Amino acid sequence: MNKKNKLALTGGAAAAEALKQIEPEVMPIYPITPQTPIIETYAGFQANGEVDTEIIKVESEHSAMSAAIGASAAGARTATATSSQGLALMHEMLYIASGMRLPILMLVSARALAAPINIHGDHSDVMGCRDSGWIQIFCENGQEVYDKTIIGMRLAEKVKLPVMVIMDGFNTSHSVENLEILETKIVKEFVGRFEAINSLLDTDNPVSYGPVALQNSYFEFRIDEEEAMEKAFEEYQKIAKEFEKISGRKYEFFEKYQTEDAEKILVLTGSASGTSKVVIDKLRESGEKVGLLKIGLFRPFPHKEIAEALKNAKEIIVLDRAQSIGTNPPFYSEILNSFVGTGRDLSVPINKKIKSYIYGLGGRDIFQKQIEDVILGKHKGKYIK
Amino acid sequence: MNKELTKHFAPGHSACAGCGFPAIVRTILGEAKNEVVVANATGCLEVTSTLYPYSAWKVPYIHSAFENAAATISGVEKAYEILKRKGKIKKKIKFVAFGGDGGTYDIGLQSLSGALERGHNFLYVCYDNGGYMNTGNQRSSATPYGAFTETTPVGKKSFGKMETRKNLMEIVNAHRIAYLAQANVAYIADLKKKAKKALETEGPTFLLVFSPCTNNWKFPTSEYVALAKLATETNFWPLYEIENGKYKINFATEKPKPVSEFLKTQGRFKHLFKEENKKVLEEIQKLVNDEWQRLVDMTP
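Quick note, the sequences are listed as chains A and B, same order. Numbering (this note's numbering) for the first sequence: 1 to 385. Numbering (this note's numbering) for the second sequence: 386 to 685.
The hints are simulated quantities; they were obtained by calculation from the structure and are not laboratory data. Hints are not guaranteed to be accurate.
The calculated lysine to any residue pairs, modelled on SDA-like cross-linking and capped at a C-alpha distance of 25 Å, are [as the list claims (entries may be wrong)]:
| id | chain 1 | residue 1 | chain 2 | residue 2 |
| --- | --- | --- | --- | --- |
| 1 | B | Lys473 | A | Ile117 |
| 2 | B | Lys476 | A | Asp204 |
| 3 | B | Lys443 | A | Pro211 |
| 4 | A | Lys20 | B | Lys471 |
| 5 | A | Lys57 | B | Ile492 |
| 6 | B | Lys476 | B | Thr586 |
| 7 | B | Lys475 | A | Leu113 |
| 8 | B | Lys392 | A | Ile197 |
Distance windows between CB atoms, simulated [as the list claims (entries may be wrong)]:
| id | chain 1 | residue 1 | chain 2 | residue 2 | range |
| --- | --- | --- | --- | --- | --- |
| 9 | B | Lys664 | A | Ser217 | 37 to 45 Å |
| 10 | A | Arg222 | B | Lys640 | 54 to 62 Å |
| 11 | B | Ala559 | A | Lys238 | 51 to 59 Å |
| 12 | A | Ser175 | B | Pro438 | 23 to 31 Å |
| 13 | B | Pro438 | A | Arg193 | 52 to 60 Å |
| 14 | B | Glu585 | A | Arg249 | 51 to 59 Å |
| 15 | B | Thr684 | A | Arg193 | 37 to 45 Å |
| 16 | B | Lys443 | A | Ala115 | 42 to 50 Å |
| 17 | A | Ser217 | B | Lys469 | 32 to 40 Å |
| 18 | B | Lys392 | A | Arg222 | 53 to 61 Å |
Fair warning: this is a prediction, and the values are worked out from it, not measured in the lab. For glycine and all other residues, C-beta sits at the position ideal for the given N, C-alpha and C.
Kindly produce the complete structure, drawing on both the sequences and the hints.
What follows is the structure in structure tokens.
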């Protein structure tokens with residue numbers, strides 16, 4: 001364990017602090033609420049000479065991701081940040097970043113999508129790109145944002161897939177918390193030096209990025225990408241274990257809170273997890289056998305491990321902060337998938353009730369009482385609003 | 386083929402015989418003194434040069450999407466800046482982006498404008514074949530007035546494209562970059578000179594190059610140079626450059642040929658020679674005259 005440095009920071013500032021210590025070589029940036037504090041804070045570091053980064057102030061998020069792709073393919077350690085409509089505008093380029101296997105790190109301050117326009121937090125934006133080949137990691141609070149930004153950079157470079165580190169817009173990005181910051185030297189050693197392969201700047205060994213691949217080869221590229229994503233499970237665990245050594249903070253695929261003997265388990269992620277833990281504690285005090293499973297790694301999704309963690313519960317209550325209009329909401333679908341199989345050998349039967357609720361759209365608050373009612377089966381309807 | 390000529394862009398690509406851009410790419414890159422890295426917008430050049438597992442590019446090359454060649458090269462160029470500063474890269478490298486008119490005048494205009502405004506050290510080359518040729522000939526904002534395309538078909542109520550071309554040179558010039566020029570694949574010596582200047586100028590530079598499309602303009606493949614010459618000889622496609630804001634016309638004749646001489650070489654303008662479209666033909670001549678006069682007025 002190293003010397004501890006406590007700071008009061010917002011989630012956005014925590015992300016910027018981690019980025020400062022990582023010190024990406026290139027950062028294309030474009031403003032959008034509630035992500036802007038991340039890039040503004042970082043621009044401040046640059047202005048004061050605290051970091052040496054080429055910040056490219058592009059004219060749109062589409063260009064931000066395009067420039068990130070160019071920079072990463074040129075062999076520079078690359079990061080950016082966005083939110084909501086910005087992430088939606090990047091959508092095309094997200095697939096190209098992952099398809100080219102570029103280790104770009106992106107902080108996302110998750111926010112609702114228009115229309116109607118709304119600047120507040122929910123998970124609609126990041127759910128819209130859950131099939132884009134990006135590793136997606138959710139954070140509960142500012143401390144996790146800081147930690148997972150560092151883990152995420154290393155994971156991206158290890159498996160050669162881009163990584164999205166996700167915080168709740170406003171609830172996390174703009175809330176001040178006391179967090180523990182590692183020494184910069186320790187962080188730098190942890191992420192290591194970025195060794196680019198197939199750099200566009202290696203003019204002695206020219207490579208062509210982004211070719212046309214037709215019926216005889218396209219399929220294989222897709223399979224390779226899926227295999228890389230599969231590899232991220234193991235690498236995430238390894239990197240998180242190493243991170244635990246330097247920080248004392250443990251990250252698994254998901255967090256289990258009072259789940260050991262729980263008959264009812266609440267499944268959710270993000271900032272509402274903290275509120276829910278308080279409710280769990282309260283219900284435990286009154287003798288209810290309840291627990292919570294907080295999703296961290298969302299892509300790849302650890303179905304097998306989640307099924308194992310939930311196997312003894314009689315009731316599972318899944319809270320989504322996004323819809324998937326026309327079908328089940330995203331987390332609920334994944335939890336169902338965990339039991340019915342996704343091509344894995346799953347032996348856990350569904351002998352349980354699995355309930356689905358949607359909360360918090362467009363920044364709507366969720367209160368302890370509502371969570372308590374949901375757990376106790378007193379809440380009516382699928383929306384917690 | 387000549388080894389020197391193909392040192393950046395190999396033979397064996399699958400562009401049509403009589404296509405303008407292989408000569409444009411080779412001529413421009415041939416003027417590079419330093420190493421070059423290329424970015425390319427989606428389009429004919431990209432699909433015909435990078436059919437996996439083959440690539441015609443002997444220099445580092447990136448294609449990411451349609452509308453973002455300028456944004457992509459921005460990232461590459463800034464990566465170069467910092468890696469050079471850190472001593473990880475030693476060589477001097479120049480950055481070149483290629484896009485067609487669809488990828489430049491239309492869908493890529495924003496990212497081009499952004500990159501020009503930010504002042505990246507790169508040359509952007511637009512090879513203008515007057516439409517979306519890779520997708521089978523649809524109109525772009527570069528398609529000439531009166532031209533037939535699949536989305537401006539000729540019919541009882543249509544004589545082809547009913548809108549005039551966008552003046553991209555003026556738009557690019559509004560960014561006050563140090564050097565931009567309009568060139569034509571049929572004038573290789575002029576293109577060479579312009580490429581050399583554009584590559585040697587620090588900061589963003591721009592070349593707009595006339596690039597005939599045999600397939601969709603509908604003319605024999607052997608005729609592309611002759612036809613492209615007519616574009617300039619009729620003042621349909623003047624050769625000029627703007628250096629530090631100063632206009633210079635590079636080709637002028639006492640008596641320019643009538644624009645119909647150029648139009649009649651191509652199937653896409655065939656309908657204009659019918660009696661009912663006489664007025665359209667006159668209008669095109671007027672447009673060419675007016676544009677030429679504007680250019681002359683801009684030139685000291």
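Okay, the hints, checked on the actual structure:
1. B:Lys473 - A:Ile117: 45 Å, violated
2. B:Lys476 - A:Asp204: 10 Å, holds
3. B:Lys443 - A:Pro211: 14 Å, holds
4. A:Lys20 - B:Lys471: 17 Å, holds
5. A:Lys57 - B:Ile492: 20 Å, holds
6. B:Lys476 - B:Thr586: 18 Å, holds
7. B:Lys475 - A:Leu113: Roughly 45 Å between the alpha carbons, so the hint for Lys475 of chain B and Leu113 of chain A is violated.
8. B:Lys392 - A:Ile197: Between Lys392 of chain B and Ile197 of chain A the Cα gap is close to 24 Å, so the pair holds against 25 Å.
9. B:Lys664 - A:Ser217: 37 to 45 Å: With a Cβ separation near 52 Å, Lys664 of chain B and Ser217 of chain A fall outside 37 to 45 Å, so the hint is violated.
10. A:Arg222 - B:Lys640: 54 to 62 Å: 60 Å, holds
11. B:Ala559 - A:Lys238: 51 to 59 Å: 53 Å, holds
12. A:Ser175 - B:Pro438: 23 to 31 Å: Given a distance of about 51 Å, which is not inside 23 to 31 Å, the answer is violated.
13. B:Pro438 - A:Arg193: 52 to 60 Å: The hinted range 52 to 60 Å is violated for Pro438 of chain B and Arg193 of chain A, with Cβ atoms some 31 Å apart.
14. B:Glu585 - A:Arg249: 51 to 59 Å: Holds, at about 54 Å.
15. B:Thr684 - A:Arg193: 37 to 45 Å: 54 Å, violated
16. B:Lys443 - A:Ala115: 42 to 50 Å: 49 Å Cβ-Cβ, so the 42 to 50 Å window holds.
17. A:Ser217 - B:Lys469: 32 to 40 Å: About 35 Å separates the Cβ atoms of Ser217 of chain A and Lys469 of chain B, which means 32 to 40 Å holds.
18. B:Lys392 - A:Arg222: 53 to 61 Å: 34 Å, violated
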